[in-house]
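Kindly generate the complete structure, drawing on both the sequences and the hints.
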Amino acid sequence: MKNKNLLFTMIALIAALAVPLLIKAPYQLHMVILILIWATIGTAWNLLGGYGGQVSFGHAAFFGIGAYSAGMLNLYLEISPWWGLLLGPIAATLIAYPIGLICFRLRGPYFALAMLALGEIFRILFTNLSVTQGAQGILIMPEITSKVFYYYIGLGILALTLLTTYKIVNSKIGYYLVSIREDQDAATSLGIPTTTYKIIALLPSAFYTGLAGAFYMNYVAFVDPKIAFNLVNVSIMIILVVMLGGPATTWGPTIGAAIYIILGEVFRATLGAANVLVFGLLVCVIIMFMPNGIIGTLTNLGRLLKQKKGWPGGTKHESV
Amino acid sequence: GGQSTAASADVIKVGIILPLTGSEATFGNMEKNAFEMAYEELKAAGKTTIGGKSIQLLFEDDQGKQDVAKSATEKLVNQDKVAMLSGAYSSASTNVIAGAAQSMNIPILVTTGSADDITKKGWEWVFRGTAAPASKYTVALWEMLDQVIKPKTAAIVYESTDFGKSSATGFRAEAEKRGIEIVYDQPYEAGAIDFKPMLAKVKNTNPDMVFAVSYLMDASMIVKQSKELDFNTKLLVGGGAGYTLPEFKENAGEASEYIASSTLWVPSVTWPGAKEFFDNYVKKFGKEPDYHGAQAYATMHIIVDALNRAQELNNTGIQKALKETELTTIMGPIKFEDWEGYTNQSKPYTYVVQWQQGKLEVIWPEAVKSAPHVYPVPNWGER
Amino acid sequence: MSLFEAKNIVKRFGGVAAVNDLSFTVEKGEILGIIGPNGSGKTTVFNLISCFFPLTSGEIHFKGKRIDQVPAHDICNLGIGRTFQVVKPLKRMTVLENVTVGAFLRTNSMAKAKHKAEEIVDFCGLSQFKDYEAKSLPLALRKRLEIARALATEPELLMLDETCAGLNPRESEEAIAIIKRIRDSGMTIIIVEHIMKVMMGISDRILAINFGSQITIGKPQEVAGHPEVIKAYLGDDHA
Amino acid sequence: MLKVKNLNASYKDLQVLWDISFEVRQGELVVLLGANGAGKTTILNTISGIVTNRSGVVEFLGTDIAKLPGYKIASQGIIHVPEGRRLFPEMTVKENLEMGSLLPKAKAKRKETIKKVFDLFPILLEKQHQEAGNLSGGQQQMLAIGRGLMALPNLLILDEPSLGLSPVLVGQIFDIIKDINQQGVTVLLVEQNVAKTLSMCDRAYVLENGRVIMEGQGQELLNNEHIKEAYLGI
Amino acid sequence: MLQSTRVSRIELGEVIMVLFGQSVVSGILLGSMYALIALGMTLIMGVMKIINLAHGAIVMVGMYVTYVCFHQFGLDPYLGMFAAMIVAFLLGCVIQKYMINVLVKVESILPQNQVLLTIGIMLVLTEIARLIFKSDYRSIATGYSSQTVFIADMSISVPMLIGFFIAIAFTTLLHLFLTKTDLGKSIRATAQDRDAAVYMGVNSSQITVITFGIGSALAAAGGSLLLPIFYLYPDVGQLFNAKSFIITILGGMGSTMGAIVGAIILGTAESLGATYISMGYKDLVGLIMFILVLLFLPGGLKSFIRR
Ligand SMILES: Nc1ncnc2c1ncn2[C@@H]1O[C@H](COP(=O)(O)OP(=O)(O)OP(=O)(O)O)[C@@H](O)[C@H]1O
Ligand SMILES: Nc1ncnc2c1ncn2[C@@H]1O[C@H](COP(=O)(O)OP(=O)(O)OP(=O)(O)O)[C@@H](O)[C@H]1O
Ligand SMILES: [Mg+2]
Ligand SMILES: [Mg+2]
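As you go down the protein sequences, you meet chains A, B, C, D and E in turn. If you read the first sequence in my numbering, its first letter stands for residue 1, the second for the next number, and so on. If you read the second sequence in my numbering, its first letter stands for residue 1, the second for the next number, and so on. If you read the third sequence in my numbering, its first letter stands for residue 1, the second for the next number, and so on. If you read the fourth sequence in my numbering, its first letter stands for residue 1, the second for the next number, and so on. If you read the fifth sequence in my numbering, its first letter stands for residue 1, the second for the next number, and so on.
Worth flagging that the hints you see were computed from the coordinates, not collected in a lab. Errors might be hidden in some of the hints.
[What the hints assert, rightly or not] Below are the DSSO-like pairs computed for lysine-lysine, each with C-alpha atoms no more than 27 Å apart in a straight line:
| # | chain 1 | residue 1 | chain 2 | residue 2 |
| --- | --- | --- | --- | --- |
| 1 | B | K369 | B | K275 |
| 2 | D | K228 | C | K231 |
| 3 | D | K67 | E | K105 |
| 4 | D | K178 | D | K196 |
[Claimed, not checked] Just a sample of chain A residues kept apart from chain E, beta carbon distances all over 10 Å, derived:
| # | residue |
| --- | --- |
| 5 | L22 |
| 6 | A25 |
| 7 | Y76 |
| 8 | W82 |
| 9 | I95 |
| 10 | P109 |
| 11 | L116 |
| 12 | M141 |
| 13 | L263 |
| 14 | G280 |
| 15 | L298 |
[Claimed, not checked] Stretches of chain B that chain E covers, calculated by requiring three or more beta carbons in the stretch to come under 8 Å of a beta carbon on chain E:
| # | segment |
| --- | --- |
| 16 | 10-24 |
| 17 | 178-191 |
| 18 | 197-206 |
| 19 | 216-226 |
| 20 | 247-254 |
Values in this document were obtained by computation on a predicted structure and should not be read as measured data. Positions of the beta carbon are idealized from the N, C-alpha and C atoms, including for glycine.
Take a look at the structure:
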């Protein structure tokens with residue numbers, strides 16, 4: 001089992017490293033870079049939402065802060081926006097901490113709504129504050145234009161995010177997170193400080209979302225509050241990406257991101273005015289028929305096929 | 001979508017990125033219509049075939065989102081191999097599209113996006129002809145203010161968007177120069193139902209004039225509610241966008257009377273072809289075009305003109321041809337110049353218009369006015 | 001000094017007292033049984049001890065330290081484990097993972113936690129099912145899983161809430177055997193059970209409560225013979 | 001009146017009922033006995049259509065109701081007073097009672113029946129405008145039974161009606177159940193209070209781990225060694 | 001000299017009072033424009049316990065129906081409102097019956113996938129509207145659209161005043177419906193305990209369908225009330241989602257009186273925020289209030305009203 005995983009990871013890694021050799025067209029490579037960005041955010045969200053069960057509707061806040069960090073460094077200190085890759089995630093993490101303290105007092109839908117409200121608060125603040133140039137946004141001029149370069153940076157970020165979440169999930173923290181998702185009372189009774197562990201999950205989640213935001217800023221070279229802190233186009237699409245691929249799975253968010261970006265672009269390029277409509281219909285269909293995402297549904301199917309009928313102790317009941 | 005990855009020998013592709021879905025689609029589609037209308041007219045005049053190659057327009061939808069705008073740019077440039085780009089509606093998308101074009105050395109002629117920054121970055125591949133930098137929308141207005149109105153105090157309200165903010169910044173700076181006291185200066189979030197709290201406060205400051213930068217529907221909400229509050233000021237001037245559109249009058253009704261606005265274009269301008277454009281558009285699409293349509297129409301003309309003059313149909317050839325443009329369009333003469341820190345920016349012609357008896361009349365510059373200005377405007381009760 | 005002491009504990013839910021001025025002690029190594037009619041406040045006592053509910057008034061001491069103010073998750077850290085009457089398995093985790101979660105309280109090492117969990121799964125006779133998701137277990141095994149998970153946290157005081165309820169006599173006997181083995185390993189236990197036969201056989205002392213207050217406390221035989229216990233709990237006919 | 005044959009039921013992956021068969025005849029008071037978690041509540045919920053993952057036959061007055069949705073079963077005259085009362089806590093006592101008489105037959109007689117219920121439980125009359133959630137446990141139990149009676153049931157199903165009641169109230173509740181039964185309502189009862197129920201019922205079934213292991217007359221079972229040992233703790 | 005300063009001070013005081021009064025009056029009226037939309041949401045959230053992000057899209061559908069009635073059949077928006085309510089009712093029923101109820105039955109790791117379903121529905125409804133009506137801004141001009149009455153120097157918009165009374169009327173009607181009729185009681189009963197309602201012979205899945213329908217109809221009514229003074233485009237609904245959540249949480253889920261009181265409080269807070277802080281920050285007031293209520297008053301206003 002372990003060897004198989006390792007093998008798969010190695011193959012995936014080699015394939016990923018070779019992508020720029022196979023895909024030379026900058027347009028396709030651009031799509032792949034977008035996938036990397038969304039896969040990173042999705043993976044980061046998945047740690048808190050998928051494994052920890054804390055569904056955040058406000059991750060745009062961390063994304064936006066990451067993006068703005070890169071932009072503002074460039075604007076005010078006139079240093080390379082690449083420093084944003086350092087500052088962005090740190091800023092997002094620092095902001096996440098008090099947010100966690102506030103919102104984790106709430107459970108379930110109340111938590112979701114509080115995060116939603118916080119995301120909106122950031123949007124309004126960034127729209128009106130002058131230090132962030134308000135609604136005007138921040139425009140930078142990218143120094144590097146080679147898509148291959150961005151690809152490898154994006155790949156590195158995703159790999160780091162995947163590795164970190166994988167490590168966390170397969171450690172004590174991961175066990176604790178899943179147990180909090182499954183039953184918070186039981187978790188408490190086992191000595192798990194649930195709020196602390198939710199925050200422990202939130203911090204890396206915000207960190208990598210902020211990192212992705214900073215990278216996004218470097219790549220797209222422009223940010224404004226309407227875009228970076230967008231409820232529907234960022235916060236909710238993150239959840240969609242994770243749900244499409246499969247929550248609480250290692251590769252789910254990456255697969256979800258690929259589907260989201262590729263289908264979105266294919267629809268946009270081919271369906272004209274109906275493209276968002278078709279996308280919306282697809283969302284409804286997938287959620288209704290694959291409530292655990294593509295990976296989740298496939299593994300369930302696989303398990304059903306493999307599993308023997310009943311459980312090993314079944315005979316005991318029949319003999320009574 | 002484009003199927004060919006290599007540039008076909010017999011077409012010159014022009015990529016145009018517009019918001020064809022999403023909340024900005026009204027204007028995106030209006031511009032697309034105008035582009036196509038101009039294209040057909042130019043085709044009939046035989047101008048779209050250059051040395052055996054015909055010009056082909058490729059429209060891409062950016063959904064009003066900036067990462068999609070980036071994807072669309074990538075697709076047009078790298079997959080469809082367009083010779084040049086145009087379009088870009090919102091400032092946000094324009095920023096991204098122009099930045100990407102610049103980094104890929106592809107000439108782009110911006111149609112509408114008007115944030116000052118776009119032509120202030122020294123980007124040599126980025127041209128802006130039919131759109132003024134937002135802070136320059138008010139050139140004509142200031143002439144008129146200086147000569148006729150001479151306000152002592154002014155209030156500024158503006159939507160919290162890039163355009164609103166740029167416009168307000170420009171107005172504020174000019175007012176400061178003249179020692180006009182700004183008694184109220186605040187942004188608002190577009191889409192509000194009730195502007196009365198803000199307007200009541202403006203009313204309390206009793207300004208000589210109000211400068212308001214609003215999107216379409218906020219504009220009509222603001223004047224309607226000013227009327228409801230019986231808030232009288234000597235002149236309410238819109239900073240472009242919302243206050244000149246047909247929908248504004250439709251929704252604001254009587255409250256639109258005597259509202260003034262600076263604008264880039266009205267059907268009654270004297271530039272050749274303007275009236276024909278307006279009439280033909282109405283005939284063809286059953287809807288009145290506003291200055292966005294005119295921008296797209298004029299842009300198509302500039303593109304065809306430049307392509308016809310280009311010595312070589314590659315990026316540098318087209319860039320050079322654009323740079324040498326001297327063409328009078330329905331938006332006025334277009335010439336890409338470097339001035340006041342702008343590069344490749346045509347000097348704008350702006351107008352002040354005023355709604356009089358339900359018609360949008362040009363009241364400034366004097367030379368082209370279609371009706372005398374009404375100032376100070378009568379109180380609401382007397383209109 | 002007793003290992004555990006509850007002093008005049010009171011719990012009200014909106015005016016209604018579920019636990020009313022109850023005091024008792026538990027000595028190290030003993031099994032204290034608590035009996036009482038449905039709704040008499042037994043589960044509430046557990047919830048109070050494990051700080052799931054704040055006390056309305058009163059004090060709880062464990063190993064000489066007052067514990068009624070600490071956060072719920074620290075209780076387990078201090079050495080008090082519990083099971084739930086309404087079982088709360090971590091449904092989509094396997095049996096082994098469920099127990100591993102408990103074992104992580106005392107170690108950060110994955111290997112150690114897993115090793116410990118394996119031991120406890122064996123101890124509770126669950127090794128056959130260790131790779132099954134908890135949601136696929138029948139009740140008897142879910143109850144045993146509750147015990148195993150609590151044991152993994154290495155408690156000194158273990159509170160078992162109706163772990164034999166719903167088990168058939170044979171399963172019940174298995175459960176009792178496990179409980180006895182736990183006691184023999186030196187753990188102190190508070191147990192709530194409705195089945196008198198179990199309680200009589202296993203408890204060192206029994207506390208009988210009704211309406212959240214003590215009726216009597218003492219040796220099993222004494223309690224079973226107490227007229228008020230018979231009246232309130234065992235039924236008149238039983239006498 | 002009610003015939004249950006080979007009933008199986010499960011919650012998701014967990015089967016809790018195995019081949020249950022029993023019957024209740026017109027006018028009888030039948031008791032289901034069993035330890036906690038034996039599956040009594042599940043049987044009742046299967047009959048009244050709340051548990052939907054089931055197989056087997058449930059015949060009521062000659063028609064198979066096993067496949068009917070829950071609300072239709074209630075309209076056949078099978079009224080279930082659930083375990084834990086399940087009142088509507090934010091509705092008043094009177095509204096709760098009215099909720100019991102939604103079916104046309106019962107609705108026509110709503111006023112009369114409410115009066116009867118108030119006669120039976122005078123305390124409810126006193127508290128009729130109070131929210132049900134604020135009643136004491138015993139009062140809530142009376143309200144739950146009262147709400148069941150409001151439907152003028154053919155078959156009244158009671159799940160642990162004495163749960164959480166003081167011994168005095170338990171006595172009262174049992175008297176009332178006997179009364180109701182004598183007035184012609186068929187009753188299917190689940191109780192932990194084994195001794196008392198066995199002495200007042202017509203017949204009883206004993207469940208263990210989701211199977212019927214024994215059935216018989218009340219008195220007969222009261223003297224059964226297994227019953228004595230397992231349920232009376234003697 | 002002395003006298004004149006005193007006079008101007010008094011005048012100033014008056015001006016300040018009028019400004020304050022105007023803000024409060026505007027706020028109350030504004031709140032009542034939100035009230036019906038929020039009333040629909042509180043009903044749906046209270047019974048179904050789901051976060052319905054498609055609510056705003058249903059408001060939008062209702063507005064288009066009223067718009068079409070006005071332009072095609074010359075129907076006054078206050079009459080067109082009833083047509084809109086019927087259409088939205090049916091739409092709500094279909095959504096609940098064929099989509100949400102289907103999803104409720106399947107087991108999933110994160111129950112929040114219901115929320116995503118409502119987002120899908122929102123996208124679909126919005127884009128269908130866009131295909132039919134384009135992204136154009138539309139409005140209805142009626143004779144009374146801009147009418148105002150002045151009370152003590154405070155301007156009161158007539159259509160908003162009408163909206164205020166209609167909102168109160170609908171709230172009262174809904175309240176009576178929920179407390180006095182069997183169907184209404186069944187809805188409340190289902191909200192409080194779905195299974196227990198089934199024990200009483202209530203077809204609770206049908207009740208959820210009806211509830212979603214009624215909630216949608218109220219949303220549509222709320223949208224129609226806005227039409228004479230506001231405008232319409234396919235994305236208009238998004239303006240109301242966040243506000244409805246705030247009001248629902250503020251008033252307490254499922255509480256009709258809570259919804260209208262909450263709406264008026266939110267309207268007033270926004271209005272005062274716009275006057276005394278900044279129009280740009282007015283939405284911030286609502287959001288902060290929202291978080292504070294979530295944290296410190298989890299039951300919402302309902303917990304006060306009930307006492
Ligand atoms: N969270 C709560 N809110 C309000 N009342 C509660 C709560 N928890 C328990 N109660 C009430 O407190 C009383 C005691 O309940 P508890 O669960 O402790 O009983 P128990 O002795 O464990 O009964 P059983 O034998 O049925 O398990 C009951 O009347 C119950 O209704
Ligand atoms: N909703 C549910 N989901 C999963 N399992 C359940 C559910 N309800 C009951 N069970 C399980 O089904 C089995 C039978 O429970 P049931 O409630 O029918 O027992 P009972 O005989 O009524 O017990 P009691 O005397 O405690 O009321 C128990 O093992 C219980 O844990
Ligand atoms: Mg208990
Ligand atoms: Mg039961």
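Outcome of the hint check:
| no. | hint | verdict |
| --- | --- | --- |
| 1 | K369/B / K275/B | holds, 15 Å |
| 2 | K228/D / K231/C | holds, 18 Å |
| 3 | K67/D / K105/E | holds, 17 Å |
| 4 | K178/D / K196/D | holds, 12 Å |
| 5 | L22 | holds, 33 Å |
| 6 | A25 | holds, 30 Å |
| 7 | Y76 | holds, 22 Å |
| 8 | W82 | holds, 32 Å |
| 9 | I95 | holds, 15 Å |
| 10 | P109 | violated, 6 Å |
| 11 | L116 | violated, 8 Å |
| 12 | M141 | holds, 29 Å |
| 13 | L263 | holds, 13 Å |
| 14 | G280 | violated, 3 Å |
| 15 | L298 | holds, 14 Å |
| 16 | 10-24 | holds (count 4) |
| 17 | 178-191 | holds (count 5) |
| 18 | 197-206 | holds (count 5) |
| 19 | 216-226 | holds (count 6) |
| 20 | 247-254 | holds (count 5) |
Checked against the numbered hints given earlier, this structure breaks hints 10, 11, 14; the rest are met.
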